[in-house]
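Asks: Modelling step: build the complete structure from the supplied sequences, incorporating the hints.
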Amino acid sequence: MNESLLRELVPAVIGVLVRRGADFASAEDAVQEALIRALRVWPDDPPRDPKAWLVAAAWHKFVDAARAEASRRGREVAVQVEPPAGPAPETDDTLRLYFLCAHPALAPASAVALTLRAVGGLTTRQIASAYLVPEATMAQRISRAKRRIDGEPLDRPGDLATVLRVLYLVFNEGYSGDVDLAAEAIRLTRQLAALTDAPEVAGLLALMLLHHARRASRTGPGGRLVPLGSQDRTLWDTALIAEGVAILQAALARDQLGQYQAQAAIAALHADARTPESTDWVQIVEWYDELLPLSGDSPVVRLNRAVAVGEADGPRAGLAALSHVDPDVPRHAAAAAYLHERAGDAERAAELYAAAARLATSVPERDHLTREAARVRHP
Amino acid sequence: MKYLLLKHYRGGPTPVEDYPPMDQWAPDEVDAHIQYMRDFANKLQQSGEFVDERALTAEGAFVRHDGEGRPPVTDGPFAETKDLIAGWMIIDVASWDRAVELAGELSAAPGHRGRPVREWLEVRPLFSESFNATE
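Order-wise, the sequence lines are chains A and B.
Residue 250 in the numbering used here sits at position 168 of the first sequence, and the numbers go up by one each step.
Residue 208 in the numbering used here sits at position 58 of the second sequence, and the numbers go up by one each step.
These aren't lab readings, by the way, just hints derived from the structure by calculation.
Keep in mind that the hints are not guaranteed to be accurate.
What the hints assert, rightly or not - Pair ranges (Cβ atoms, derived): (1) B:247 x A:155: 56 to 66 Å; (2) B:206 x A:325: 37 to 47 Å; (3) A:155 x B:215: 32 to 42 Å; (4) B:233 x A:336: 37 to 47 Å; (5) B:248 x A:379: 53 to 63 Å; (6) B:224 x A:225: 29 to 39 Å; (7) B:237 x A:225: 25 to 35 Å; (8) A:128 x B:224: 41 to 51 Å.
What the hints assert, rightly or not - So the derived list for chain A, only partly shown, Cβ under 8 Å to chain B, looks like this: (9) 305; (10) 440; (11) 459.
All residues carry an ideal CB built from backbone N, CA and C; glycine is no exception.
Replies: Laid out in structure tokens, this is it:
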């Protein structure tokens, strides 16, 4: 059984149940139960028509739940037990589900969880394991999210920017538990790109592909973090890079620049360099200049721009650019350390790397920065 | 029986080894230390004794309720003298002796100039969550 094929069916099946009169929250629960059953039953007994199987199984779950609820309240069953005959009208249910699950009323962590379940077709257990929380906690997060958007119509377009933010959050989570969230984010963004023609969706997809292409080179022996400048570029996935660049170029040609396209352009310039020395830093700085207003003058973008300026115009220029960045921005100390090292001030660089290690937010990052301090002190 | 192996940034009995902070070690010494920790956790996973492991940053504050309608009071950042937890590992082992044996092994991680760090680790039995079904 191809699990990803099964998962692709989930949003469409939710759509079918909703069009038959189920509310979104109950339909989504019923499909999740049918999905768990399919994962158990299909390996030994694959269905002829997977979608019809899922629709039938989910509909039965829905009717059972509605009956149980009605009997709990001492009322008659109000739902039709037999589904209406005839083919279901083909509408863009999947796209509408992206919007609903990334509804602006939802906290990011809730929108992420709901998107992974209702659009991604992951089980609660898989999502919980990916985010290292107990399954019961994740189940509650999802049902609270559904209550929060209760009554929101499924037939209205939403805010694409929040959908893209949710997908980017999923991508950044990377790989933990038994689900490859980066790959899942790419799958969901690919699917979204097929449903819409917004250049920023293409921009986000290109950005993900270009980052993903470098994944094998990003960790060294013992899980050690390897920064861009030290990565073994022969490990980069050239097919993914080519695809990312082609998607980006088509998006840029439409002349509606957005922050994901600009970030992808920077990633493409890195991907294009066969050696760190051949990186076109001047053009990267130009892209940061484009990105800055698009990002709402993000201090993180300012920080990254300062590092790029340090490469294009020398470490002194980079430190001058960095002096205009709020020192409380994450990784400020790490960027300052790098620029001071390049400027030849090893002592200051080591102190800053050690300070950056104390401020690190992940164990691999802390270990990397500690090692950088050690490296600078032991030339 | 589950036990908590608690690692401290500072606090606890007087350290027996006097070594500089890790960022002043040689890079190879840093790598060897990190690899030892990783191998230790992997070994306990293989033996079926590993439960959980988390590291804590040195940041944070004490917080307490300050009465109805008032925001909580915070006391932080932590004083330099405070006993500060750095992280923990939870293990599920047959006996106290096994927990002590493993803590001793973890404390033997190589440090500056390749010598074992011999840091103090706090070993604490966890309360069981259920009482005996035959009581």
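Asks: A separate judgement is required for each hint: does it hold in the structure or not?
Replies: Hint check results:
At roughly 58 Å, the beta carbons of residue 247 (chain B) and residue 155 (chain A) sit within the given window of 56 to 66 Å. About 41 Å separates the C-beta atoms of residue 206 (chain B) and residue 325 (chain A), a value consistent with the hinted range of 37 to 47 Å. Take residue 155 (chain A) and residue 215 (chain B): their Cβ atoms lie about 40 Å apart, and the range 32 to 42 Å holds. The supplied range of 37 to 47 Å is broken by residue 233 (chain B) and residue 336 (chain A), whose beta-carbon atoms lie about 59 Å from each other.
Between residue 248 (chain B) and residue 379 (chain A) the Cβ separation comes to about 57 Å, which falls inside the hinted range of 53 to 63 Å. The given range of 29 to 39 Å is respected by residue 224 (chain B) and residue 225 (chain A), whose C-beta atoms sit roughly 32 Å from each other. Roughly 33 Å separates the CB atoms of residue 237 (chain B) and residue 225 (chain A), a value that falls within the hinted 25 to 35 Å. Between residue 128 (chain A) and residue 224 (chain B), the C-beta spacing of about 58 Å breaks the proposed range 41 to 51 Å.
Of the supplied interface hints, the one on residue 305 (chain A) holds, with its beta-carbon coming within about 7 Å of a beta-carbon of chain B, less than 8 Å. Restraint check, residue 440 (chain A) versus chain B: the minimum CB separation of about 6 Å is within 8 Å; hint holds. The beta carbon of residue 459 (chain A) is positioned within 8 Å of a beta carbon in chain B (closest approach about 6 Å), and the interface hint is therefore held.
Of the numbered hints given earlier, the model fails hints 4, 8; all others are met.
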